[in-house]
Amino acid sequence: MVPFTFPVGFQRFSSAAFVNYQMNRLYACGLVDAASLKTLCASNPSIVELPAALGALSAEAEARGDLRLAFGAQRGAEFFTPPGTPARVAAWTRMRALFDRAFGALGYTRHEVPYGGASMPVTVLPAQGPSRGRVLLMGGFDSVIEEFVGVWIRLSEAGFDVAAMEGPGQGGARIAGLTFDHDYERPVAAILDQLGWDDVTIIGLSMGGYWALRAAGREPRVTRAVAWPPVYDWLAKLPGFAQRFVRWMVSFRGFMRWSVRLRAKLIPVLGHAVTHTMYLVDGDDPMLAVDWLMGMNKEHLGSERVTQDVLLMVGEQDDFQPPVLAERQAAALTHARSVTTRRFTAAEHAAAHCQMGNLSLACEVLISWLSSERPHPQREP
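Those letters in the sequence shown? Residues 1 to 381, per our numbering, in order.
None of these hints come from the bench; they were simulated from the model. Backbone N, C-alpha and C define an ideal beta-carbon position, used for all residues, glycine too. Each hint should be verified, as a subset may be incorrect.
[To be verified] Calculated cross-link-like contacts (lysine to any residue; reagent style SDA-like; alpha-carbon spacing at most 25 Å):
#1 K237 x S251
#2 K265 x G240
#3 K265 x F141
#4 K237 x K265
#5 K237 x R261
#6 K237 x E327
#7 K298 x S251
#8 K265 x M287
#9 K298 x E327
#10 K237 x D193
#11 K237 x N297
#12 K298 x E219
#13 K265 x K298
#14 K265 x N44
#15 K38 x G55
#16 K237 x A176
#17 K265 x H276
#18 K265 x V19
#19 K298 x R337
#20 K38 x G65
#21 K298 x F141
#22 K38 x E60
#23 K265 x S15
#24 K298 x P322
#25 K265 x D285
#26 K38 x R94
#27 K237 x S360
[Stated by the list, open to error] Label pairs and their in silico Cβ distance ranges:
#28 L262 x G295: 21 to 29 Å
#29 R305 x D198: 13 to 21 Å
#30 S46 x V8: 45 to 53 Å
#31 D100 x S371: 24 to 32 Å
#32 S368 x R305: 23 to 31 Å
#33 A90 x Q11: 23 to 31 Å
All chains should be built: construct the whole structure from the sequences, respecting the hints.
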């Protein structure tokens, strides 16, 4: 097995919050070292300049044989390259090739699962030693599944067969032409059919936590589910009167379209969200981003249909999917066999989104839960 360690700690690489989180994402996933990121960010490159800067770092690392760094930096370059462009496709293609050179010794197999007139990429990494179970792992809004290779490795070392998937709208599936669909039970079913798997634990990272629970409630071959962290319903972050106000505002589509365009220019994280969402659904109307996010709601999710053991993992300082969403989700899982909530803290260096800062601890918690015969219900404050 390829040696792999996760660093501990959330760093300050950039004064721009959005850029800083993305740099920490590369760092926390064990793909790019802190020194390289500090050097890269010292000149304070803009979002427009980052693809070239990260691409240059990747090329330098490749030239000296550091293929993990070459892959990680190229993943960063791919992330910041505008979606829906030939440059993005080229960046993704190079990134995937570097991944296979860096991690091919793991012994995984790649599959293309037919779906919707195109295909979804799935990578299967067998368990080390006798298998203790099967795991279907998915990412979130703007991830590629390869960036979580460290999680694959930890699960495999713990004795689990791992199928790392990208569904419609994600990574290679979007490159293949598949646009997004929140009804994730359908791509999950297609993958399980292709692999011949049943008795599967589904794990969704970031927004994947929503799609994992949606699939769990409708796919009987899923016997456990992990939301890392859950979404439940985006409006559940707001008090009741604010939720009603948002729904009312959305009805004024012309005004909202103007407002979203304006704010997307002023707020980098919003600009990224809007641009990427339009890419996911293959449209150019910013209201598509609003509709897409509003489509992730408690009615569509159907938490009452989830009957499996469920693990909810959330950071106490997660700004994207805050703890209140995990609290609402836990309360809504009224028919789940068990619900375990693990809230990670700043003292553990794991309070950020998806525990960027201590993925090693997150994996330990996950594997401990997977290894239990039947987790006891546990809701931490």
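Against the structure, the hints come out as follows:
no., hint, verdict
1, K237 x S251, "20 Å, holds"
2, K265 x G240, "29 Å, violated"
3, K265 x F141, "20 Å, holds"
4, K237 x K265, "24 Å, holds"
5, K237 x R261, "23 Å, holds"
6, K237 x E327, "10 Å, holds"
7, K298 x S251, "20 Å, holds"
8, K265 x M287, "15 Å, holds"
9, K298 x E327, "13 Å, holds"
10, K237 x D193, "36 Å, violated"
11, K237 x N297, "12 Å, holds"
12, K298 x E219, "18 Å, holds"
13, K265 x K298, "30 Å, violated"
14, K265 x N44, "19 Å, holds"
15, K38 x G55, "16 Å, holds"
16, K237 x A176, "34 Å, violated"
17, K265 x H276, "14 Å, holds"
18, K265 x V19, "15 Å, holds"
19, K298 x R337, "19 Å, holds"
20, K38 x G65, "21 Å, holds"
21, K298 x F141, "18 Å, holds"
22, K38 x E60, "16 Å, holds"
23, K265 x S15, "18 Å, holds"
24, K298 x P322, "16 Å, holds"
25, K265 x D285, "15 Å, holds"
26, K38 x R94, "24 Å, holds"
27, K237 x S360, "28 Å, violated"
28, L262 x G295: 21 to 29 Å, "23 Å, holds"
29, R305 x D198: 13 to 21 Å, "18 Å, holds"
30, S46 x V8: 45 to 53 Å, "29 Å, violated"
31, D100 x S371: 24 to 32 Å, "30 Å, holds"
32, S368 x R305: 23 to 31 Å, "27 Å, holds"
33, A90 x Q11: 23 to 31 Å, "29 Å, holds"
The structure shown violates the earlier hints numbered 2, 10, 13, 16, 27, 30.
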